[in-house]
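All chains should be modelled from the sequences, with the hints used to inform the complete structure.
Read off the chains here:
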Amino acid sequence: MISAGIDVGAVSTKAVILVDGEPRASAQTPTLGPEASAAAAFDTALARAGLRREDVRCVVATGRGRARVSFATRTVTEIAGAAAGAVRIWGPSVRTVLDAGGESCRVIHCTERGRATSFLWNDKCAAGIGRSLETLAGMINVDVTGIGELALRAGESPRLSDFCAVYALSELLDLVRSKVPAEQLVAAYHDAMARRISTLVGRAGVTKSFVIVGGLARNAGIVNRVDALLKVDRLAAKPDWDPVFTVALGAAVFAEGFSR
Amino acid sequence: MDRSQIVAGIDSGHVDTKAVVMSGGKVLGYASAPTRLDPATAAGTALNGALADAGMSQSELAGIVSTGIFRDVLESPALHVTATVSEHMADARGALFSNQKARTVVDLGGNVHKIIRFDGAGNLVDVAQNDKCADGLGIFLSTAAHSLGLSEPELSELALGSTGSHAIAIQCSLSAQTDATDLVCQGIAAADVARAALGYVVERVASLCRSMPLAEEVVVAGGLAQSAALVGQLRTALGVHLSLPERPQYVGAIGAAVRGQP
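Taken in sequence, the protein lines are chains A and B. Converting from the first sequence to our numbering requires adding 444 to each position, the first position being numbered 1. Converting from the second sequence to our numbering requires adding 6 to each position, the first position being numbered 1.
Be aware that a few hints might be false.
[To be verified] Chain B stretches covered by chain A per the calculated footprint, using a threshold of three residues with CB under 8 Å from any CB of chain A:
(1) 60-71
(2) 130-141
(3) 147-157
(4) 180-186
[Said to hold, decoys possible] Examples of chain B residues lying across from chain A (beta carbon under 7 Å, computed):
(5) His20
(6) Val79
(7) Asn117
(8) Ala127
(9) Cys191
[What the hints assert, rightly or not] Pair ranges (Cβ atoms, derived):
(10) B:Gln135 - A:Asp567: 21 to 29 Å
(11) A:Leu596 - B:Asp132: 26 to 34 Å
(12) A:Arg501 - B:Thr242: 48 to 56 Å
Read the hints as simulated data drawn from the structure, not as lab findings. Glycine residues also receive a C-beta, built at the ideal position from the N, C-alpha and C atoms.
See below:
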């Protein structure tokens with residue numbers, strides 16, 4: 445059976461094709477408009493899987509722009525998608541999922557079957573952490589993965605405000621006047637954003653097993669600091685799974701269920 | 007310094023570093039470089055670019071005057087800064103250079119926006135700068151453009167064609183970006199989102215402008231003033247004539263160089 449999940453996120457749109465329960469192909473594209481970006485991600489993933497749209501039994505859309513995908517049969521929330529996707533990849537021991545995306549961060553508690561039971565969404569002032577890291581990466585001309593690696597290379601780093609990403613960036617720019625090297629500034633920014641994320645996770649509470657999914661799960665600078673702050677055993681990233689596709693996978697898992 | 011001497015002005019900003027080479031009351035060369043958290047390197051790049059644009063070499067310079075937020079940290083080995091000028095003074099002098107009747111300059115930078123009033127001799131009369139929550143307007147616009155798959159000039163161009171009336175939050179750039187994202191995810195056309203993003207920036211700047219009387223004529227300066235759509239919306243919001251220099255992003259650098267000349 446072939447199903448598909450499309451996660452129309454605030455920053456990027458992800459598609460996953462599931463064939464007989466196994467992820468066969470995926471694709472990611474910037475969200476420039478929900479319908480067009482969903483179609484672009486879906487068609488690219490299909491091409492990578494060597495399939496056509498008519499081969500797919502059910503398409504489920506999720507994410508911020510999910511309501512605007514005309515070719516999706518059903519929609520599910522990104523909360524439901526994250527839980528279902530995380531359990532499909534990391535197994536039934538998963539109870540807490542941190543979904544750290546471009547625009548927002550969410551902590552989801554779930555059952556061994558991947559059903560979300562509760563969640564906590566970041567407040568407005570903690571929005572845009574992923575996007576602001578992209579902005580910072582653009583300012584120093586490195587890519588989003590590179591900036592996380594850069595943060596790991598710094599030893600000591602100054603402390604920035606973690607109340608708001610706008611404040612943190614302003615404080616960072618002011619520190620340039622004190623000639624703090626760029627990698628320390630980048631590390632300081634990651635540290636502030638990781639504190640912000642860890643506060644959210646702490647407030648939601650962590651029940652084992654714990655996993656991190658979403659685009660920020662690719663950022664070693666953030667993940668290492670969140671680990672250090674939370675001191676919780678986290679299930680390690682899977683070498684053959686890119687965590688940015690987890691919510692789309694969860695939607696595909698729902699699609700599988702709907703077409704049975 | 008004699009008037010025919012060649013002086014460089016460098017404006018070391020949060021986001022971009024601008025350089026000009028001037029002599030005899032004329033700008034001979036312009037160049038800019040992204041600051042990238044490394045003001046000294048960017049200043050060297052911008053200065054060399056401006057010298058190349060003028061067809062000159064650094065040995066011909068009688069002096070280098072720096073301004074901007076990072077004006078005090080430009081000491082890469084090759085760069086001998088001879089004087090520094092505050093950003094406010096540089097803006098005032100640069101605005102007067104572009105328009106002798108100017109008495110106010112609205113400087114729309116990458117991270118900070120400010121309003122400076124001055125007299126006919128370029129002496130400062132009053133200054134207002136944004137509060138911290140309104141930092142990062144330029145950075146916000148770059149991010150908004152990027153999130154629409156556009157360059158900043160494309161965003162401005164597209165916004166000019168929009169008749170949409172979507173509004174986004176005016177608390178801070180973070181909420182504004184969240185709201186802009188929501189519009190995109192609702193399938194709102196890019197031109198209308200672009201217009202709304204500019205509208206947020208304009209409302210922020212206009213509210214600062216209302217905090218002090220603007221003495222005419224009013225010059226708009228800074229990188230954001232390169233957007234015709236933004237300047238148009240600001241003109242409507244303020245109801246005053248805005249005088250737009252040919253290259254508004256260089257007003258500070260020109261002001262610094264002017265201060266370095268007699």
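Status of the hints after comparison with the structure:
Against chain A, the segment 60-71 of chain B contributes 0 residues with a C-beta closer than 8 Å to a partner C-beta. That does not satisfy the three-residue criterion, and the hint is violated. As drawn, the segment 130-141 of chain B meets chain A at 3 residues by the rule of a beta-carbon pair under 8 Å; at three or more, the given contact holds. Check on the segment 147-157 of chain B: 6 of its residues sit with their Cβ under 8 Å from a Cβ of chain A, so the three-residue criterion for coverage holds. Closer than 8 Å: that is the beta-carbon criterion, and the segment 180-186 of chain B has 4 residues meeting it against chain A, so the requirement of 3 holds.
Residue-level restraint check for His20 (chain B) holds (minimum Cβ-Cβ distance to chain A is 5 Å; threshold 7 Å). Taking 7 Å as the C-beta cut-off, the interface hint given for Val79 (chain B) holds, the closest approach to chain A being about 6 Å. Satisfaction of the interface hint for Asn117 (chain B) is found here, the shortest Cβ-Cβ separation to chain A being roughly 6 Å, below the 7 Å cut-off. For Ala127 (chain B), the interface hint is violated, the least distance from its beta-carbon to any beta-carbon of chain A being 30 Å, above 7 Å.
For the restraint placing Cys191 (chain B) at the interface with chain A, the shortest Cβ-Cβ distance is roughly 4 Å, inside the 7 Å limit, so the hint holds. Roughly 28 Å separates the CB atoms of Gln135 (chain B) and Asp567 (chain A), a value that falls within the hinted 21 to 29 Å. Leu596 (chain A) and Asp132 (chain B) have their C-beta atoms about 47 Å apart, which leaves the hinted 26 to 34 Å range violated. As the Cβ distance of Arg501 (chain A) to Thr242 (chain B) is approximately 53 Å, the hint placing it in 48 to 56 Å holds.
Hints 1, 8, 11, counting from the list given before, are not met by this structure.
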